[in-house]
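Engineer: Make the full structure from the sequences, and use the hints.
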Amino acid sequence: MVTRVDFNFGDDGSQESVVVSSDQLARVVSAVLQDKVLLSERTAPHDLWRDIAAVTRLLEGLADWRERAIVAVDESGAVDRSSLGVAASMGAAKLYDLLERHGRPRNQTRLTQVEVLENRVTSEEGEWDPARVVATMNSYGWETDDRRARALLRALTDHEVLEKIPNRGGRAVYQLVSPRDWLYCLDPERDTMENGPSTPARVARLAGEDPGSTEWWLGKPLKRMREGDRLWIYFGGGEGKIAAMARVKSSPRPAPIGSHKPYEFDAELDLRATTALSKSPVRLEEMDQKHPQACGEMRAADVKLAEARANL
1 MVTRVDFNFG
11 DDGSQESVVV
21 SSDQLARVVS
31 AVLQDKVLLS
41 ERTAPHDLWR
51 DIAAVTRLLE
61 GLADWRERAI
71 VAVDESGAVD
81 RSSLGVAASM
91 GAAKLYDLLE
101 RHGRPRNQTR
111 LTQVEVLENR
121 VTSEEGEWDP
131 ARVVATMNSY
141 GWETDDRRAR
151 ALLRALTDHE
161 VLEKIPNRGG
171 RAVYQLVSPR
181 DWLYCLDPER
191 DTMENGPSTP
201 ARVARLAGED
211 PGSTEWWLGK
221 PLKRMREGDR
231 LWIYFGGGEG
241 KIAAMARVKS
251 SPRPAPIGSH
261 KPYEFDAELD
271 LRATTALSKS
281 PVRLEEMDQK
291 HPQACGEMRA
301 ADVKLAEARA
311 NL
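Residue numbers (full-length UniProt numbering): 1 to 312.
Hints should not be assumed to be uniformly reliable.
Stated by the list, open to error - Derived pair list, reagent style DSSO-like, types lysine-lysine, alpha-carbon separation capped at 27 Å:
1. Lys304 / Lys220
2. Lys290 / Lys304
3. Lys279 / Lys249
What the hints assert, rightly or not - With beta-carbon atoms standing in for the labels, derived distance ranges:
4. Glu75 / Ala201: 47 to 57 Å
5. Glu163 / Ala69: 28 to 38 Å
6. Lys304 / Arg190: 21 to 31 Å
7. Pro254 / Glu75: 30 to 40 Å
8. Glu160 / Glu100: 24 to 34 Å
9. Ala93 / Leu312: 23 to 33 Å
10. Lys220 / Asp80: 53 to 63 Å
11. Glu163 / Lys94: 23 to 33 Å
12. Glu189 / Glu163: 34 to 44 Å
13. Lys261 / Glu75: 38 to 48 Å
14. Arg106 / Asp47: 41 to 51 Å
15. Gln293 / Val73: 51 to 61 Å
These are computed hints drawn from the structure, not numbers from a lab.
No residue lacks a Cβ here, since even glycine has one placed at the ideal position from N, Cα and C.
Structural biologist: What follows is the structure, given as structure tokens:
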């Protein structure tokens, strides 16, 4: 019986084949395990010469496979480089030289680690997938009390994938960061939108015209606001109602000098929600928040009511 093994050598895709008979493999492996060269005097020198040639080709292929496997493991981020060096029986200098030949950075920065985590826990649609976060933890074999697991959780928290909820039975609980809801207050008599009055009727028309993302103003930097959040627009003055909704398209940033307010962000009016709210607004007397001001996180009871009125 003959075994044919094909190897791809190098980055050019060139292929080499190693043909080893089952007798050769059995003979060589047995000799290696018993730390011998000849298992018996009946082994002919010519057979041994053929074994040497076949094993040499096989070792070349295995060495190439080993090198590419080391690079693949490093790219995955599943194992730290210290453990990878132990598995490969390589010192740090030799390991780093090998990785550098394949374009891997000599030093793994925090950004590199976060990029690896992003790739592993992001769905095909580009959203954070809770199941993949759990699967990632399980694939690494990390318990939540494991040192490396805590490092992973910290990295995901720093990158706003997860948020930490303290004081749950004396132990931190992590959950995926979900879109936040913000109450954004407009005074139709003082505030403008798209160079015009910010009345409920005009804002509803703007939503129908689909102006795309536009600049919105903030008096203070809301660090927890990010793309994907929802903006429930409360019209103050004589109106006193939530009658429009927009979706946040960017995190807040310093506004240009001379702007109406010191911070700005991008948002886009949601036509469906705004149309529904303009017909059935959430009035101040129905709201849990009795003194809406500027822009801040919306109360849960008000979110639930506004979602129902917006048909979401």
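Engineer: Are the hints correct? Go through all of them and say.
Structural biologist: Here is how each hint holds up against the structure:
no.	hint	verdict
1	Lys304 / Lys220	holds, 26 Å
2	Lys290 / Lys304	holds, 16 Å
3	Lys279 / Lys249	holds, 25 Å
4	Glu75 / Ala201: 47 to 57 Å	holds, 55 Å
5	Glu163 / Ala69: 28 to 38 Å	holds, 36 Å
6	Lys304 / Arg190: 21 to 31 Å	holds, 30 Å
7	Pro254 / Glu75: 30 to 40 Å	holds, 37 Å
8	Glu160 / Glu100: 24 to 34 Å	holds, 32 Å
9	Ala93 / Leu312: 23 to 33 Å	violated, 58 Å
10	Lys220 / Asp80: 53 to 63 Å	violated, 41 Å
11	Glu163 / Lys94: 23 to 33 Å	violated, 41 Å
12	Glu189 / Glu163: 34 to 44 Å	holds, 38 Å
13	Lys261 / Glu75: 38 to 48 Å	holds, 45 Å
14	Arg106 / Asp47: 41 to 51 Å	holds, 46 Å
15	Gln293 / Val73: 51 to 61 Å	holds, 53 Å
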